[in-house]
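Engineer: Spelled out, the chains give:
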Amino acid sequence: MNNTCCNMIAYLRIFKRFLIVVIVVSVATVILVARVVYADLPQPAWWGGNVCDSVTNPGSYPLGGSYNGQLACGPGSNQGGGYLIVHFYNNAFGVGEWECVELSKRYLYLAYGVAPYQANGGEMVDNYSGDDLVKVANDGSRLPSPGDIFSSYDGVGDYWGHTGVIMSVNISNGNGTITILEQNHALPSNGVRTVSVANGILGSGIVGWLHNPVDSAGLNDIFQATGLSEYGWRVSYNGTSAWQSLLASTTTKDSLVVGDFDNDGKDDDVLQASGVSGIGWRVSMNGNTAWQTINGSTTTKSTLMVGDFNQDGHMDDVMQATGLSAYGWRVSIGGNTAWQSLKASTTTMGSLLLGDFDSDGYVDDVMQASGISGIGWRVSYNGTSAWQPFNTSMTITKDSLMVGDFDNDGDLDDIFYTSGVYGTGWKVSLNGTGAWQSLKDSTATQSTLLLGDFDSDGYVDDVFQATGLSEYGWRVSYNGTSAWQPLKASMTTLGSLMVGDF
Amino acid sequence: MTKNISYNTRYLYATVIFLAVAVLAVVTVRYASAVSDSIEEIYEIKISELGLVIQVPRDLSDMTYKIDTTTFPESPTILFSSSLLEDSDKDGFCTSSYGPLGLITVTKLDPVKLKYAPSYDNWHSAGEYNLIYQYPQQGCSRDAKVSELQSKLINILHKSFVTTRIQENE
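Protein chains in written order, with my numbering: chain A, 1 to 502; chain B, 503 to 672.
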């Protein structure tokens, strides 16, 4: 009896220890997954874990503002601060804390891997010499996006110029505001300032900005999910390189969508909506890592689209249009959170397109191509507003439409149309509200076409075609207007292909 | 016995005197050194083109400058470096053209009204002009030792800035 009792106590102790281990491992796993999925840019390694490098540079403090995990720090040298030159890594160009350029150089390095280079605030854009970012002049032809780096001159007395990071864009029909993150500007400052925009021109002496094509879905790599074990998943970079293996997977395109689920600024994560209980939604980060389950949902791809409904600059929010009045439209932020209601609507994916129709820099507006005369195209801003009339004269339905950026204003809001008929060919309605403008006179229809950014100008306005015919192979029409240009000799059709930024 | 005492006494006196002289010598050397440190050598750098003079310590006596009037014609800007700093960098970004020690803008405008307003310890008046000091915006080198030198010289120039005055007629 005594032995039994002691054995029981011993077993209970072992079970208790086992339980503690299970809880600790579970919590650690949840934290790890959360960090992977929601990771902002890391804190600078050269800060040694101290906020705003306050140990190495005593008296430093965060100004209050931040973007994508990066803090604006102070006091700047114009605000009574001292001067410390730091190196982001050995042999990096020196950067002065907390000059305005320090923030831009820090952001460029952490977000885009751009090594610090010689430039004062006004020179930040002009002196960039890399290939990944594009320089955009503030001439009204294009609008910025969150994460872009601007240069400006404040006028009289501003010898060095100024620079910072664009945090948000709130522009409609060329007018509105942007908010910027900055250091060492006029006091008092929390590091965040609003700048007005009129007729597409940004104020406050902004002369231009560096734009990351990836962040506006500048997509140019062709991803293939063959379903065949000998090929697995693979990618052709820029649609021109030989196939490069990504992952040994037999999952086909039918259940996959591409997005930015690790928030690294690249649309290169592959989400599977398996529809299978116990598997749910899972993601292969960068398309080359083992599956990570992020959601137990059994919803399949057929009712899903990926957008940016929480406006964090990443295409990682999964919207569902169920067609059921009990659910309406709903969204899972980051793809790993519980459904949140967007709008009471029974409209299904069959007639919907996602875009940035309010030009706020986020792909979160839902357009319906109803095909009904008198209703035509209409839009629900942010997926939450009541339907707004958009282009009531249009009766063309989603089947022959795609969303791109043919006016190069940085917004995915131009509607591309393929008639399939010579003489009418391809057309575009700029901003989705303009009258049709002719592009290329081609009979190629949507079944062989993808929109992407194959000339790497930062805008989704190039038409990729995978014909399946050896005499054509893969080819592209730049801006939707140029003659076909060969990309790659391939007979692979669109059936297994998606465009992404791998 | 008397002889022995006398000899020992003399020996003792000699030892005491020797020690006293030694202590005095050490104290004197240290004092002299302290006095020498406190009386810093001051050099005057004349910026004749603009009729200005700035007093700097020995570490910045090789200060170089370049005057820029293209950016802000009515308010010239002086960009500073030093020969040592220029020679320490092999990439050429530490010359006075880049202003690695900062710059002084010479203007009749009110600094407070300038949109890009510097803090008050960064400007003062000299005659009818307002002089505005601005730190450089960056390091001028990839080399940490050069950056260390740059930081040191920036702080020296910033402290010296208040001595900038109109050059008197000679």
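By construction, these hints were calculated from the structure, which means they are not laboratory data.
Please note: incorrect hints may appear among the correct ones.
Unchecked claim - Pair ranges (Cβ atoms, derived): (1) 51/A with 612/B: 18 to 24 Å; (2) 551/B with 91/A: 22 to 28 Å; (3) 430/A with 568/B: 34 to 40 Å; (4) 630/B with 130/A: 43 to 49 Å; (5) 572/B with 430/A: 50 to 56 Å; (6) 89/A with 568/B: 29 to 35 Å; (7) 650/B with 198/A: 36 to 42 Å; (8) 548/B with 199/A: 49 to 55 Å; (9) 569/B with 54/A: 23 to 29 Å; (10) 612/B with 89/A: 38 to 44 Å.
To be verified - Derived list of chain B stretches under chain A, where covered just means 3 residues or more per stretch with a C-beta under 8 Å from a C-beta of chain A: (11) 560 to 567; (12) 633 to 640; (13) 653 to 660.
What the hints assert, rightly or not - Here are the simulated SDA-like pairs of lysine to any residue, each with C-alpha atoms no more than 25 Å apart in a straight line: (14) 568/B with 127/A; (15) 654/B with 204/A; (16) 398/A with 471/A; (17) 647/B with 301/A; (18) 301/A with 401/A; (19) 654/B with 398/A; (20) 568/B with 522/B; (21) 610/B with 401/A; (22) 661/B with 401/A; (23) 647/B with 44/A; (24) 592/B with 115/A.
Note that beta-carbon positions come from the ideal geometry of N, C-alpha and C, so glycine has one too.
Engineer: Run every hint past the structure and note whether it holds.
Structural biologist: Quick rundown of the hints versus the structure:
no. : hint                         : verdict
1   : 51/A with 612/B: 18 to 24 Å  : 36 Å, violated
2   : 551/B with 91/A: 22 to 28 Å  : 37 Å, violated
3   : 430/A with 568/B: 34 to 40 Å : 49 Å, violated
4   : 630/B with 130/A: 43 to 49 Å : 47 Å, holds
5   : 572/B with 430/A: 50 to 56 Å : 41 Å, violated
6   : 89/A with 568/B: 29 to 35 Å  : 31 Å, holds
7   : 650/B with 198/A: 36 to 42 Å : 46 Å, violated
8   : 548/B with 199/A: 49 to 55 Å : 51 Å, holds
9   : 569/B with 54/A: 23 to 29 Å  : 38 Å, violated
10  : 612/B with 89/A: 38 to 44 Å  : 42 Å, holds
11  : 560 to 567                   : violated (count 0)
12  : 633 to 640                   : holds (count 6)
13  : 653 to 660                   : holds (count 4)
14  : 568/B with 127/A             : 22 Å, holds
15  : 654/B with 204/A             : 34 Å, violated
16  : 398/A with 471/A             : 30 Å, violated
17  : 647/B with 301/A             : 57 Å, violated
18  : 301/A with 401/A             : 20 Å, holds
19  : 654/B with 398/A             : 65 Å, violated
20  : 568/B with 522/B             : 57 Å, violated
21  : 610/B with 401/A             : 62 Å, violated
22  : 661/B with 401/A             : 66 Å, violated
23  : 647/B with 44/A              : 21 Å, holds
24  : 592/B with 115/A             : 19 Å, holds
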